[in-house]
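In order, the protein sequence lines correspond to chains X and B.
Here the first sequence is numbered in numbering that gives the first Met the number 0, starting from 0 and rising by one per residue.
Here the second sequence is numbered in numbering that gives the first Met the number 0, starting from 0 and rising by one per residue.
To be clear, the hints were calculated from the coordinates, so they are not data collected in a lab.
Glycine included, each C-beta is placed from N, C-alpha and C at the ideal position.
You may find that some hints are simply not true.
To be verified - With a straight-line cut-off of 30 Å between C-alpha atoms, the simulated DSBU-like cross-links for lysine-lysine are:
1) B:7 x X:16
2) X:90 x B:102
3) B:30 x X:155
Unchecked claim - Label pairs and their in silico Cβ distance ranges:
4) B:146 x X:232: 33 to 39 Å
5) B:232 x X:205: 38 to 44 Å
6) X:19 x B:0: 33 to 39 Å
7) B:194 x X:59: 42 to 48 Å
2 protein chains.
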Amino acid sequence: MISKNRLKELTAYRLQKRCDEEAVFVVEGPKMAAEAMASGFAIRTVCATREWLASYPSTTAERRSSSPVPGEEPEWYEVTEAELERLSNFKTPNQVWMLVERKVESKKWKVESGLTLALDKIQDPGNMGTLMRTADWFGIRHIVCSPDTVSCYNPKVVQATMGAIFRTQVDYVDLPQWLVSCGMPVYGASLQGQPITPNSELRTPNSPAVLLIGNESRGISPEAMAAVTHPVLIPNLGGTAESLNASVAAGILMHWLSNQ
Amino acid sequence: MISKNRLKELTAYRLQKRCDEEAVFVVEGPKMAAEAMASGFAIRTVCATREWLASYPSTTAERRSSSPVPGEEPEWYEVTEAELERLSNFKTPNQVWMLVERKVESKKWKVESGLTLALDKIQDPGNMGTLMRTADWFGIRHIVCSPDTVSCYNPKVVQATMGAIFRTQVDYVDLPQWLVSCGMPVYGASLQGQPITPNSELRTPNSPAVLLIGNESRGISPEAMAAVTHPVLIPNLGGTAESLNASVAAGILMHWLSNQ
Numbered sequence: 000m001i002s003k004n005r006l007k008e009l010t011a012y013r014l015q016k017r018c019d020e021e022a023v024f025v026v027e028g029p030k031m032a033a034e035a036m037a038s039g040f041a042i043r044t045v046c047a048t049r050e051w052l053a054s055y056p057s058t059t060a061e062r063r064s065s066s067p068v069p070g071e072e073p074e075w076y077e078v079t080e081a082e083l084e085r086l087s088n089f090k091t092p093n094q095v096w097m098l099v100e101r102k103v104e105s106k107k108w109k110v111e112s113g114l115t116l117a118l119d120k121i122q123d124p125g126n127m128g129t130l131m132r133t134a135d136w137f138g139i140r141h142i143v144c145s146p147d148t149v150s151c152y153n154p155k156v157v158q159a160t161m162g163a164i165f166r167t168q169v170d171y172v173d174l175p176q177w178l179v180s181c182g183m184p185v186y187g188a189s190l191q192g193q194p195i196t197p198n199s200e201l202r203t204p205n206s207p208a209v210l211l212i213g214n215e216s217r218g219i220s221p222e223a224m225a226a227v228t229h230p231v232l233i234p235n236l237g238g239t240a241e242s243l244n245a246s247v248a249a250g251i252l253m254h255w256l257s258n259q
Numbered sequence: 000m001i002s003k004n005r006l007k008e009l010t011a012y013r014l015q016k017r018c019d020e021e022a023v024f025v026v027e028g029p030k031m032a033a034e035a036m037a038s039g040f041a042i043r044t045v046c047a048t049r050e051w052l053a054s055y056p057s058t059t060a061e062r063r064s065s066s067p068v069p070g071e072e073p074e075w076y077e078v079t080e081a082e083l084e085r086l087s088n089f090k091t092p093n094q095v096w097m098l099v100e101r102k103v104e105s106k107k108w109k110v111e112s113g114l115t116l117a118l119d120k121i122q123d124p125g126n127m128g129t130l131m132r133t134a135d136w137f138g139i140r141h142i143v144c145s146p147d148t149v150s151c152y153n154p155k156v157v158q159a160t161m162g163a164i165f166r167t168q169v170d171y172v173d174l175p176q177w178l179v180s181c182g183m184p185v186y187g188a189s190l191q192g193q194p195i196t197p198n199s200e201l202r203t204p205n206s207p208a209v210l211l212i213g214n215e216s217r218g219i220s221p222e223a224m225a226a227v228t229h230p231v232l233i234p235n236l237g238g239t240a241e242s243l244n245a246s247v248a249a250g251i252l253m254h255w256l257s258n259q
């Protein structure tokens, strides 16, 4: 059971601004909830249907391990479908809604692949989440974004990451300046780039490098492009399509660079 | 100007069923409208704002060239934003709405890459459109789908293709049977597959081959998997992510196979 007042207070977290102010983010659905509980992130509040709560850790000790307050359980409520609908950011709410605390200090990330992903003005939440999910797959733990890239804590982004939100560090920085001063080679897609084919050797294996991905419709901005040291090109074999989707192009380049 | 009655009649095309019955599909927005006019597909009806109509071909001859009735112009109406909103499949209508006739006979497609894409139970319209767009980029002109794959004429699919709908032939068939009888090697992603890396040679260059992509959450169905002759694997370098997005995985495999 949840009081009308408490429910109303929690609906305020549908606003990104409120989440930003308190450094929290919303996680929805059983799959993402399971990722949150396994992540080591502190879970502040859980609102869930009776059905989902039946699978919620049954011991107090287990619950306490994911609480932001040492020794205490996260705040939790059983809610109805209608109440969940009021909290949810989605048309079809899915059993559980959680408020999770962001990690303010740097997450400890291990550079498996030597690659860092840099995102220049990515706008679409689905693309942003998919980029984080793909980076996670290829062992890329650090993502650097221009300040006008969509927030990684946007609910649609969180959902599309399929859990990568708990495993990647996302920083918002002055991107052209960061790229120039990072001291790593910067790969970026450009129509004047070198075509990537299985026989083109582009990178010293496992050496540190940055992969820069541009905006969905305008590509890499001129300021960021100026910092690209290695322009590359995914060959357009059909000759008719104008462009690739940003997430798809990034996936092809991440696979390509991380297997060099 | 459009009459209330005619507007009401045209709103019926928001239903996929109605479009299927008359073998038409809806195209929205200036970018897709330009693709439609350049495609050689017959345009039955145009509803657009005054702003867009200012750029509509000014000569009768140009208009007639895209009409389904030889020697006649397509039916066209100037509409208000509010009227466009009633027709549109999207929250934010974008200047122009068109009813385009499907090509019933086979489109003449040229196999540039030797690859055919096969889709097993793809559900998400955004993924379907992105798969078609990526195929277009890599010169894949023929896509074969299981009957329960989302329709390529779904408005969200059409939009996400970025024009590939006019350049690819999409057939819905009994997929396992088609795969078995197509006489080509079939590549499919499998956890037991051979890892694809720049040094793995998987295919005779430019030889005919099929790339099979499975459902977003369940992957390739057992019936279709039985027809896979070349199981392949995109190496999971991070070790933490559970899967790749279907469109991203397909993009990596299309790039890989089409550059062999």
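A quick look at each hint next to the structure:
no. : hint                      : verdict
1   : B:7 x X:16                : violated, 41 Å
2   : X:90 x B:102              : violated, 35 Å
3   : B:30 x X:155              : holds, 26 Å
4   : B:146 x X:232: 33 to 39 Å : holds, 38 Å
5   : B:232 x X:205: 38 to 44 Å : violated, 20 Å
6   : X:19 x B:0: 33 to 39 Å    : violated, 48 Å
7   : B:194 x X:59: 42 to 48 Å  : holds, 44 Å
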